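Q: Quick mapping for you: the protein sequence lines, in order, are chains A and B.
My numbering puts the first residue of the first sequence at 3, with every later residue one more than the last.
My numbering puts the first residue of the second sequence at 89, with every later residue one more than the last.
No lab work stands behind these hints: they were computed from the structure.
A hint or two may mislead.
Claimed, not checked - Restricting the straight-line Cα-Cα distance to at most 35 angstroms, the calculated cross-link-like pairs of lysine-lysine (DSBU-like) are:
1. B/K107 / B/K147
2. B/K107 / B/K91
3. A/K67 / A/K100
4. B/K137 / B/K163
5. B/K107 / A/K100
6. B/K163 / A/K100
7. A/K31 / B/K91
8. B/K142 / A/K67
9. B/K107 / B/K90
10. B/K186 / B/K90
11. B/K107 / B/K137
12. B/K91 / B/K137
13. B/K163 / B/K186
14. A/K67 / B/K90
15. B/K147 / B/K90
16. B/K91 / A/K67
17. A/K100 / B/K137
18. B/K91 / B/K186
19. A/K31 / B/K186
To be verified - Here are the in silico distance ranges between beta carbons for each label pair:
20. A/G113 / B/G145: 23 to 31 angstroms
21. B/A155 / A/E59: 43 to 51 angstroms
22. B/T177 / A/R86: 42 to 50 angstroms
Everything numeric in this text was worked out from a predicted model, so none of it was measured.
Here a beta-carbon is modelled for each residue, glycine too, at the ideal position from N, C-alpha and C.
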Amino acid sequence: MIFSLAVYAAPYSQEGSATALRFAESALKQGHQLYRVFFYGDGVHNSNHLHTPPQDESNLPQRWKTLAETHGVDLVVCIAASLRRGILNSEEATRYEKSNHNCEAPFNISGLGQMIDACVNSDRVITFA
Amino acid sequence: MKKILFVNRQAPFGRSYAKESLDALLAGSAYDQDISVLYSGDGVFQLIKEQQAKSIGQKNIAATLPALEMYDITKIFAQASALNTRGLTAEQLAIDVKLLTDTEIATLTQNQDCILSF
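When you get a sec, could you build the whole thing from the sequences and use the hints?
A: Written out as structure tokens, the structure is:
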């Protein structure tokens, strides 16, 4: 089955973020396909590579990165939701004249159309709020 | 073409779900899919026409609702039991919606290809 995930939960604040990640890892392990993970609302914080959790806690952004690099999962962060929450890649930081950025590959910043596209191209879209 | 249902379950201003659901809905209308919207639970509060969001520095969500028709979003549903339990009537809503029983909502959701829940 082809899954996509919509993640609205911020890491370390809501369980939904870690649950989405474990669902993704399990689905791939069972041979399913993951078409896209779309981060929306507070979920965009999952793409912040400056997260520095204590060593005995799971590094969720790093695990998403590993998942994408191992399985080629498309990680898309909503541009409208991310800009207003201060999540910027180098391109957006330059565009808005900010001195820093905190989001980089394999997370791609793109538009809401990618969420609809995920609906069109997946058998199931699961929301993690 | 896929059948996509947006489900709104949260009151309008306490969290960003209502606004971001509406943004996603309007974006989705451009993709030529069969889109429906359901307001259930506390989500029915999003439909109330007398919203004074300005006083808390927010945009009035209900003000955008009449524009949905222009975006060809005409399948707009609300959970009748949610309105009843919250003391709301159809006259208090900003737009015309089709009220559904809980059984009808079960049928509606069963008939979708994809559900985006907010």
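Q: For each hint, tell me whether it holds in the structure or not.
A: A quick look at each hint next to the structure:
{"no.": "1", "hint": "B/K107 / B/K147", "verdict": "9 angstroms, holds"}
{"no.": "2", "hint": "B/K107 / B/K91", "verdict": "22 angstroms, holds"}
{"no.": "3", "hint": "A/K67 / A/K100", "verdict": "24 angstroms, holds"}
{"no.": "4", "hint": "B/K137 / B/K163", "verdict": "19 angstroms, holds"}
{"no.": "5", "hint": "B/K107 / A/K100", "verdict": "26 angstroms, holds"}
{"no.": "6", "hint": "B/K163 / A/K100", "verdict": "42 angstroms, violated"}
{"no.": "7", "hint": "A/K31 / B/K91", "verdict": "29 angstroms, holds"}
{"no.": "8", "hint": "B/K142 / A/K67", "verdict": "40 angstroms, violated"}
{"no.": "9", "hint": "B/K107 / B/K90", "verdict": "24 angstroms, holds"}
{"no.": "10", "hint": "B/K186 / B/K90", "verdict": "21 angstroms, holds"}
{"no.": "11", "hint": "B/K107 / B/K137", "verdict": "15 angstroms, holds"}
{"no.": "12", "hint": "B/K91 / B/K137", "verdict": "28 angstroms, holds"}
{"no.": "13", "hint": "B/K163 / B/K186", "verdict": "8 angstroms, holds"}
{"no.": "14", "hint": "A/K67 / B/K90", "verdict": "30 angstroms, holds"}
{"no.": "15", "hint": "B/K147 / B/K90", "verdict": "31 angstroms, holds"}
{"no.": "16", "hint": "B/K91 / A/K67", "verdict": "31 angstroms, holds"}
{"no.": "17", "hint": "A/K100 / B/K137", "verdict": "39 angstroms, violated"}
{"no.": "18", "hint": "B/K91 / B/K186", "verdict": "18 angstroms, holds"}
{"no.": "19", "hint": "A/K31 / B/K186", "verdict": "43 angstroms, violated"}
{"no.": "20", "hint": "A/G113 / B/G145: 23 to 31 angstroms", "verdict": "26 angstroms, holds"}
{"no.": "21", "hint": "B/A155 / A/E59: 43 to 51 angstroms", "verdict": "45 angstroms, holds"}
{"no.": "22", "hint": "B/T177 / A/R86: 42 to 50 angstroms", "verdict": "35 angstroms, violated"}
Checked against the numbered hints above, the structure breaks hints 6, 8, 17, 19 and 22 and satisfies the rest.
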